[in-house]
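> Here is what each chain is made of, one letter per residue.
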Amino acid sequence: AQSVTQPDIHITVSEGASLELRCNYSYGATPYLFWYVQSPGQGLQLLLKYFSGDTLVQGIKGFEAEFKRSQSSFNLRKPSVHWSDAAEYFCAVGGGYGGSQGNLIFGKGTKLSVKP
Amino acid sequence: SQTIHQWPATLVQPVGSPLSLECTVEGTSNPNLYWYRQAAGRGLQLLFYSVGIGQISSEVPQNLSASRPQDRQFILSSKKLLLSDSGFYLCAWRGGLGYYEQYFGPGTRLTVT
Chain E
1 AQSVTQPDIH ITVSEGASLE LRCNYSYGAT PYLFWYVQSP GQGLQLLLKY
51 FSGDTLVQGI KGFEAEFKRS QSSFNLRKPS VHWSDAAEYF CAVGGGYGGS
101 QGNLIFGKGT KLSVKP
Chain C
1 SQTIHQWPAT LVQPVGSPLS LECTVEGTSN PNLYWYRQAA GRGLQLLFYS
51 VGIGQISSEV PQNLSASRPQ DRQFILSSKK LLLSDSGFYL CAWRGGLGYY
101 EQYFGPGTRL TVT
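So the protein sequences, as listed, match chains E and C.
First residue of the first sequence? That's 1 in this note's numbering, and the numbers climb one at a time after it.
First residue of the second sequence? That's 1 in this note's numbering, and the numbers climb one at a time after it.
This is chain E alone, in the form it adopts within the complex:
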């Protein structure tokens, strides 16, 4: 079955500390992978995406993610967290274009809190 697992429901880090949010996926075909961020009461904003090529992808707001096929993982990282990064983060996987193949499967999200 196709699924996305974000093992951490809630993470708290200190401002300036590094961050890694975990994402594992199960997908029968070549996956297209995404990270989204959602501030309270807002829609989701695309942080970064991976389709193919270099397994380390850079996104907006200083985030990066690394695709590891052998581990079925796509973890999100940031070297130094800012207070404004406090939000909920969603990992998603999709498989292509055309009908339901274009639909994304989302993880349940990881809520990030930042301590001053």
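Note that these hints are calculated values from the structure, not bench results.
Don't take every hint at face value.
[Claimed, not checked] Pulled a few chain E residues facing chain C out of the computed Cβ check, cut under 8 Å:
1. F34
2. R69
3. L104
Quick caveat: nothing in here was measured; it's all calculated off a predicted structure.
For glycine and all other residues, C-beta sits at the position ideal for the given N, C-alpha and C.
Model the placement of chain C on the given structure of chain E, informed by the hints.
Only chain C this time, still in chain E's reference frame:
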């Protein structure tokens, strides 16, 4: 550039009343359109998607329906709301061939009382 609008932003409706949420996309043509519901602690649930005018696919049986009367307009409706319909409703769009990411609107907070 492309933008996506949703309205209303918030809505409080009594049980048994009808519902109409609207989503429009600007700056693109023939997008794939999506309706999601987000309940607290339950992530995103895909409700409907549409690949073209009049073409609606439902992901889960429920009290809601969707329509796409125009290329860039997507409407979520209900004839009689249930308490369980409360939640945060998000509309999203995706571009044409070769584009796989979805872009989300600002959402509508629906409270059924």
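> Now tell me if each hint is right for this structure.
How the hints compare with the structure:
Taken as an interface hint, F34(E) checks out: its beta carbon lies about 6 Å from the nearest beta carbon of chain C, inside 8 Å. About 18 Å separates the beta-carbon of R69(E) from the nearest beta-carbon of chain C, more than 8 Å, and the hint is not met. This hint holds: L104(E) has a C-beta 6 Å from the nearest C-beta of chain C, less than the 8 Å allowed.
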